[in-house]
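Peer 1: Sequence:
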Amino acid sequence: PAKRAKGGGGGGGGGGNRLSTLGDQPAIDGCRCYVGNLAWETTEESLIAHCTAVGTVVQSEVARQPGGRSKGWGLVDYDNADAANNAIAQLHNSDLQGRSIIVRLERAGGANKSEGQGAGGGGGGGANVGRPEASSGLQIVVRNLPWSTTSEDLRQVFQQVGNVIKADSICHADTGRSKGWGTVLFETREQAQAAIQGFNGVELEHRPMQIKLDRYD
Numbered sequence: 236p237a238k239r240a241k242g243g244g245g246g247g248g249g250g251g252n253r254l255s256t257l258g259d260q261p262a263i264d265g266c267r268c269y270v271g272n273l274a275w276e277t278t279e280e281s282l283i284a285h286c287t288a289v290g291t292v293v294q295s296e297v298a299r300q301p302g303g304r305s306k307g308w309g310l311v312d313y314d315n316a317d318a319a320n321n322a323i324a325q326l327h328n329s330d331l332q333g334r335s336i337i338v339r340l341e342r343a344g345g346a347n348k349s350e351g352q353g354a355g356g357g358g359g360g361g362a363n364v365g366r367p368e369a370s371s372g373l374q375i376v377v378r379n380l381p382w383s384t385t386s387e388d389l390r391q392v393f394q395q396v397g398n399v400i401k402a403d404s405i406c407h408a409d410t411g412r413s414k415g416w417g418t419v420l421f422e423t424r425e426q427a428q429a430a431i432q433g434f435n436g437v438e439l440e441h442r443p444m445q446i447k448l449d450r451y452d
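Using the numbering used here, the first residue of the sequence shown is number 236, and each one after it goes up by one.
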C-alpha cells in the first residue's frame, strides 16, 4: 500500500486550513509544542490527558480539515518552558492511541507565509533558465502537491524530520491557488536529506510527493 504523510493535507486553501483558535494566538516563548503523527481519532481531550503527565497544559488544539477530519497534528501550550521541555524529553516517541508521536518545540510566529519567491524554488517554469546552480544543501523542492496545499501544511509535514526555517507553497498571484509545488528550507543539510529520504514518494492527500534538493538556493 502507498505511504501517506500525516500532518499536512489539503483541507482547502486560506484561513480554513489554519487552527481556528490556538494556532492564531502567539505562543509564550518556549511554551508551545508541536505534536505530530497523531491518530485520526485523537481529540483535544485525549491529547491534553496525555500531555498533562509532564506539566500543566494551558490550551491545546488538533488541526482539522474543513470537514472536521484530523490532519494528524496539533499544538499544546504549557504554562512554562520547563514543562514544554519535559514534554519533548519524555513524550517524544511515546505511544498515544497506537501512534508513536512526534513532539517538538513550536517556533514562535506560527505559519510561514509565502513571500513571492517562486523563482527560488528550482522549478518555477523557466525562471531559472541561465541561472547558475548554487545549492546550499538546505532547501528542498517538493512537487506534485495537492492544489489545496498551503505553506503551513508544508511546514507541519516536514518539521517532523527537522527544524523548518521557511516553507512556501508557490501560488498563482491572481487566484492564490497552489501551482502544485513548493520549497522547504531546513536548519541543516542532514535534515534536508532526511526529508528527501523519508518523504519522497509519500502521498499527501493521495498525491505522491516528488522531492529533490533545490539546485538554485
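Just so you know, the hints here were simulated from the structure itself, not pulled from any lab data. This structure is a prediction, so every number in the text was calculated from the model and none was measured. Where hints are given, some of them may not hold.
[To be verified] With a cut-off of at most 25 Å between alpha-carbon atoms, the simulated SDA-like pairs for lysine to any residue come out as follows: (1) Lys447 <-> His407; (2) Lys414 <-> Ser370; (3) Lys401 <-> Gly372.
[To be verified] Have a look at the derived ranges for each label pair, beta carbon to beta carbon: (4) Gly433 <-> Ala288: 44 to 54 Å; (5) Asn398 <-> Asn321: 18 to 28 Å; (6) His407 <-> Lys447: 33 to 43 Å; (7) Gln300 <-> Ser371: 14 to 24 Å; (8) Ala324 <-> Glu279: 35 to 45 Å; (9) Ser371 <-> Thr291: 38 to 48 Å; (10) Asp317 <-> Arg412: 40 to 50 Å; (11) Ile323 <-> Ala274: 33 to 43 Å.
Using N, Cα and C, we set each Cβ at its ideal position, and we do this for glycine too.
Peer 1: If any of the earlier hints don't hold here, list their numbers in rising order.
Peer 2: 4, 6, 7, 8 and 11
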